[in-house]
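J.: On the provided structure of chain A, position chain B as indicated by the hints.
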Amino acid sequence: MSPIQDQDHRNLLLEGPSLGLRLAILSILAIALMVADHRGRYLEALRGALAAAAYPVHRAVDAPFAAWKSLGGEMKSRATLQAENVELQAENLALKLRLMRFEALEEENRRLRGAREGSARVVQRSLVAEIMKVDLDPFRQRVLVNKGARDGVHAGQAALDANGIFGQVTRVGPLSAEIIMISDPEHAIPVTVNRTGVRTIAVGTGRPDRLTLPYLARNADLEEGDLIVTSGLGGVFPPGYPVARVVDVTRDPAQPLLQVAAEPLAALDRDPEVLLVWFERTIVEPEPEPEAAAPPPAPLTSPTPAPAPAAPPTSETATTAGETRAQPAAPAGEDP
Amino acid sequence: MARRRGPGVMAIVGLLLVALLALVMPLPGLVAPLRPDFVALVVLWLCLLSPRPTGLVVAFLAGLAVDAVHGMVLGQHALAFCLIAYIALKLRLRIRAFPLLQQSAVVFALLALAEFMAFWIDGVTGHAVTEWTRWLGVLVGAACWPLLAGLLERYLPRS
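So the protein sequences, as listed, match chains A and B.
Per my numbering, residue 1 is the first one in the first sequence, and the count goes up by one each step.
Per my numbering, residue 1 is the first one in the second sequence, and the count goes up by one each step.
If you are wondering where the hints come from, they were derived from the structure by calculation, not from laboratory data.
All of these numbers come straight from a predicted model, not from anything done at the bench.
Cβ atoms here follow ideal geometry from the backbone N, Cα and C, with glycine treated the same way.
Misleading hints may appear alongside valid ones.
[Stated by the list, open to error] Now the in silico label distances, taken between C-beta atoms and shown as ranges: (1) 259(A) / 135(B): 22 to 32 Å; (2) 76(A) / 26(B): 20 to 30 Å; (3) 57(B) / 43(A): 52 to 62 Å; (4) 131(B) / 252(A): 19 to 29 Å; (5) 130(B) / 95(A): 17 to 27 Å; (6) 17(B) / 101(A): 52 to 62 Å; (7) 54(B) / 255(A): 29 to 39 Å.
[Stated by the list, open to error] Far from chain B, by Cβ distances over 12 Å, these chain A residues were calculated: (8) 25; (9) 79; (10) 80; (11) 98; (12) 135; (13) 152; (14) 170; (15) 198; (16) 199; (17) 219; (18) 269.
Isolated chain A, as found in the complex (with noise of 0.2 Å):
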């Protein structure tokens, strides 16, 4: 041992502290970002800059991806682009017609609801980001968009597909943003069941086809089939767009809770791009409920740009404006 390390020591001699010196140093160092990064958020400036600093990397990784992608654009067979116009422009129609009963629908429901501001929550603007194709963590159910803080992108933003809620932000940089998918264990967003109206929380399984419903009592009203739409508690996502279907209700008369699959209807693992929203942000206060006993005091007042208003105590006690840790507040607690 000792002839080996006092070689070792003859040569560190030369440059600088010893090296346990600086292991010391380093980790203590290293220790206080991860505290200051996860406890404090107040790496923020730095997250962005490393964001950015990271945004060629990912770029590189994407970039014959894309490059084979736009190929594909330009090769595209005047026969194949022919029908595919006559295809988008039948749906076009469709949408259209869908579109002027929406309209008229809408205005009624305006009239119906009153002067009950904000209940007309919809979608303002959006913008189409383009999912990168870079493996983030094969662990987590989270993607990279090529769109960032200079489109107007903020932490807290909701995400949507042509088919349904995608996700939300969890971080953004310069050029690219992060998004954290519905499906991810981590992510839990506030659902009712459309046939119903029962209030619940739905959570990701770390499967992209698979959502579950674990707050609901056993004697639930809730059928297979059964449309599961945001609920829009929470202020994260706008109310009323389609999240899952229920694909398989389990009574287990030994649980208390009942055992609920759904399957998102975006697209989560297929999508080549997401829609980034912003709604109206009036809201109407849900109304208080017993348990807000206990609503965390300091974070909420994040000075990130981040949406959240006050959380209801049902959906998401966002530990921070722009965190997206959705943890519910009912009792059955963590994931397995």
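T.: For chain B alone, coordinates are given in the frame of chain A:
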């Protein structure tokens, strides 16, 4: 002593960049968990190559880069890489005398240590990933070691 010239700064930076790219390169779903931590491998190799204690700083910065690219808690991989770089630097002369297979075993232990640190910090910060497949990368990384060591040896001769 004979002239000791390791790879230059540019070579180190280039190598780390390539490792970073390989770390976020999209892979098909089934293969993705098998991806070894290339950056950790490169850091280990650099530490075994040269006794300069700047290896620790390089490990720290490389770890920070991994955190930035992955979007994880800042400092997580920095800490893990510092630790394994320290051990590698301390035991450097002995490890280098090992045959390749035995080196792989040591690398396996070090990679497992780094992964464990990451796992632990994940848990502390409330992002725990408990799937067993996350440990497969360690195994693949150790299996890659002889290949990587041979390649690097060949293209970046150590003296």
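J.: All hints, please: hold or fail.
T.: Tested hints:
1. 259(A) / 135(B): 22 to 32 Å: 29 Å, holds
2. 76(A) / 26(B): 20 to 30 Å: 23 Å, holds
3. 57(B) / 43(A): 52 to 62 Å: For residue 43(A) against residue 57(B), whose Cβ atoms are near 20 Å apart, the range 52 to 62 Å is violated.
4. 131(B) / 252(A): 19 to 29 Å: 25 Å, holds
5. 130(B) / 95(A): 17 to 27 Å: 44 Å, violated
6. 17(B) / 101(A): 52 to 62 Å: 54 Å, holds
7. 54(B) / 255(A): 29 to 39 Å: Violated: the Cβ-Cβ distance is about 57 Å, outside 29 to 39 Å.
8. 25: 9 Å, violated
9. 79: Holds: least Cβ distance 31 Å, greater than 12 Å.
10. 80: 26 Å, holds
11. 98: 35 Å, holds
12. 135: About 5 Å separates residue 135(A) from the closest Cβ of chain B, which leaves it inside 12 Å; violated.
13. 152: Answer for residue 152(A): holds, closest chain B Cβ roughly 20 Å.
14. 170: Contrary to the label, residue 170(A) does not stay out of reach of chain B, its closest Cβ about 8 Å off (not over 12 Å).
15. 198: 29 Å, holds
16. 199: At roughly 25 Å from the nearest Cβ of chain B, residue 199(A) sits farther out than 12 Å, so the non-interface label holds.
17. 219: It holds; residue 219(A) is separated from chain B by about 32 Å at its closest Cβ, greater than 12 Å.
18. 269: Given that some Cβ of chain B is not farther than 12 Å from that of residue 269(A), nearest at about 8 Å, it is violated.
In summary, the numbered hints that this structure violates are 3, 5, 7, 8, 12, 14, 18.
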